[in-house]
Amino acid sequence: MTTDATAPSAQTSSEPPTLVRFLQADGSFAPSPAAEPYLELVEGLADADLEQFYRDMAVIRAFDVQATNLQRQGQLALWPPSYGQEAAQVGSARAARAQDHLFPSYREHVVTRIRGVDPIDIIRLMRGLTHGGWNPFDPKNGNTHIYTLVLGAQTLHATGFGMGLTLDGRCGTGDPERDEAVIVYYGDGASSQGDVHEAMVFANSYRTPEVFFLQNNQWAISVPVSTQSRSPLYKRGEGYGMPSIPIDGNDVLASWAVTRTALDEARAGQGPRAIEAMTYRLGAHTTSDDPTKYRTSDEEESWRRRDPIARMRAYLLARGASEAFFADVEAESQALADDTRTRTNALGGLEADSMFAHVYSEAHPLIDEQRRWLADYEVSFAGGAS
Amino acid sequence: MPFSRAINAGLRAAMAASDRVLLMGEDIGKLGGVFRVTEGLVAEFGDRRVLDTPLAESGIVGTAIGLAMAGFRPVVEIQFDGFVFPAFDQITAQLAKITNRHEGAVQMPVVIRIPYGGHIGAVEHHQESPEAYFTHTAGLRVVSPSTPNDGYWMIQDAIASADPVIFLEPKSKYWQKGEVDTSARALPLHASRVVRRGTDVTLVGHGAMVTTLLQAASIAESEGTSCEVVDLRSLSPVDYGPILDSVRRTGRMVYAQEAPGFTSLGSEVAATVMEKAFYALEAPVLRVSGFDTPFPAAKLEGAYLPDADRVLEAVDRALAY
Ligand SMILES: Cc1ncc(C[n+]2csc(CCOP(=O)(O)OP(=O)(O)O)c2C)c(N)n1
Chain A
10 MTTDATAPSA QTSSEPPTLV RFLQADGSFA PSPAAEPYLE LVEGLADADL
60 EQFYRDMAVI RAFDVQATNL QRQGQLALWP PSYGQEAAQV GSARAARAQD
110 HLFPSYREHV VTRIRGVDPI DIIRLMRGLT HGGWNPFDPK NGNTHIYTLV
160 LGAQTLHATG FGMGLTLDGR CGTGDPERDE AVIVYYGDGA SSQGDVHEAM
210 VFANSYRTPE VFFLQNNQWA ISVPVSTQSR SPLYKRGEGY GMPSIPIDGN
260 DVLASWAVTR TALDEARAGQ GPRAIEAMTY RLGAHTTSDD PTKYRTSDEE
310 ESWRRRDPIA RMRAYLLARG ASEAFFADVE AESQALADDT RTRTNALGGL
360 EADSMFAHVY SEAHPLIDEQ RRWLADYEVS FAGGAS
Chain B
853 MPFSRAINAG LRAAMAASDR VLLMGEDIGK LGGVFRVTEG LVAEFGDRRV
903 LDTPLAESGI VGTAIGLAMA GFRPVVEIQF DGFVFPAFDQ ITAQLAKITN
953 RHEGAVQMPV VIRIPYGGHI GAVEHHQESP EAYFTHTAGL RVVSPSTPND
1003 GYWMIQDAIA SADPVIFLEP KSKYWQKGEV DTSARALPLH ASRVVRRGTD
1053 VTLVGHGAMV TTLLQAASIA ESEGTSCEVV DLRSLSPVDY GPILDSVRRT
1103 GRMVYAQEAP GFTSLGSEVA ATVMEKAFYA LEAPVLRVSG FDTPFPAAKL
1153 EGAYLPDADR VLEAVDRALA Y
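As you go down the protein sequences, you meet chains A and B in turn. Start counting at 1 in the first sequence, then tack on 9, and there's your number in our numbering. Start counting at 1 in the second sequence, then tack on 852, and there's your number in our numbering.
No wet-lab data here; the hints were simulated from the structure. Beta carbons are placed, not taken as given, at the ideal position from N, Cα and C, and that holds for glycine. Possibly wrong hints are sitting among the right ones.
Listed next, the stretches of chain B that the computed footprint assigns to chain A, with coverage defined by at least 3 CB atoms under 8 Å from CB atoms of chain A [claimed, not checked]:
1) 914 to 920
2) 1006 to 1017
3) 1151 to 1164
Please model the entire structure based on the sequences and the hints provided.
Now the structure itself:
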């Protein structure tokens, strides 16, 4: 590698001229030229919508901080913080319609919450009680698929799912209430994986109703985005034949408006789209990581000044949001954090027998035999002991 | 009917029975696959049921997983055994584990057809025996038909399975003819089968090796030794019933395979037979394998692949105990 791989990447400082942004870092509403086509959409948002965006972001941050603490106290095996990426996630998830299908990676805590997944299901995964934890097809989970820890693998699953929607005529019928689309989340590091490239090839070959939502949080653990790509990542989408749009990922309005448009187009049968959300992971990669080893506090500070939640708060305040509203969000955040702690502490263990469940859908003699063996083995201790 | 046509007929029957069955792979449409196993199916079912995919194995298997999530039953063709490895992650880390990670809520009725094994004198990466990689992975079922009748029925059973099935087609058998009884299924997908009765030594194997075992058995017979031959059919799970019954009668067993012997299917079957039928054994279970080398250049495959003589040499050793 060249030596500047350790320096902050070029992309963290300069930004594409075409970046879609509505809110400046100080919360002032000043759409960039690239935001113009989406202006009407954003102006159509009601105060209640805007307040919901803020509420989603603030509440999940409290959950995220609590989960990080729980990990530090040994309650969880690992925690991947979403701190700093709330706007990209909330805007895109709120842009999806009820009938859409979401394929997260492993950091999209607020995406899953917006769709109805119980946050304790993520906790159970990170505590080592499950390898998934929820059923995407249970209506309460809003068609949200489970986390995937192998980078990029889910982009192919999402694409195959989108192929299925096309084959079944579940998109492009002209009825936006019924048409379905897929959105898949992945990171700047994952964008180097072959699976992501193959997913883009398949998606464009079969014109899947799909949005590739890349959260460029500037770092893949300790490796800067410049090591993944020397050209802006959104440009890759163009090479595969799909419109690709870079957005300010710390502006929830940009994330919402561009994703809403891309999903509408995908649902209508116009094929896949890509979005690159420029954002920043303000926390550690996971609780096993020490960001001070690879990035400067100056860089972190410069992104902290672009915090998505502070930005939205300033905007709402300027629009006259009430003190009562912010107090209510604060109370909800506290309640979720407390509830998470209580429920985490109450999580039980696992029966060893559960290891043999669902290895196969149909009966399997080897598994059945080993299940019986373990049961007999355990019983053999019960007799002699105590 | 030739083996390749029998699988073709089985695919056709499964596609006719359910419009959720899709075929995916490289060159499987107009060309009908490089071994012509899917010949004619795109004309019959259209290019929405028979997908000529981009040239990307991980992409093929990964999107098949998504299609299964969307309620389809994809049947994937990997063009040659040596090209399955780009899809290895999607098969072993994804496909095999998805049902388990969803606690049973999501099933993976995906079939991956792979032409495998030697005996056709092909160039590099076109003759491999990768079965142990897959049998080692929980969550996958692995089967290998060795006759046209099994090809016809087992592909339909594999497609009907709610679990992912690695369907290994011994490529040297594609042109071999045999009776196909389309009126009745002979055996369930995971049953092993005694294909020749005998009393002195049990010979076990799968795929193309079954032919070699039958040859060895008939030579042995002319020399006064009676061999029983068992076709494994299912590599995971293994149906031990007929094997153990046989070993309890003969007291001797030889397992033959094309794959390298180290940590192979033959090692597993041998160990299990020794655990379960120890007191019936007159001799250790012996393995005849390919060598622990890369599959050699075609001119050497005759030296690499176990033939009837190498099987008979093991039979003699077993009898000498
Ligand atoms: C295939 C694969 N290789 C390596 C890893 C280990 N790993 C986990 S996260 C990560 C960095 C991912 O960075 P990025 O895609 O940018 O996503 P982010 O974590 O920043 O959200 C690595 C290397 C993995 N999970 N999967």
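>> Taking the earlier hints as the rules, which of them does this structure contradict?
In response: Those not satisfied come down to hint 3.
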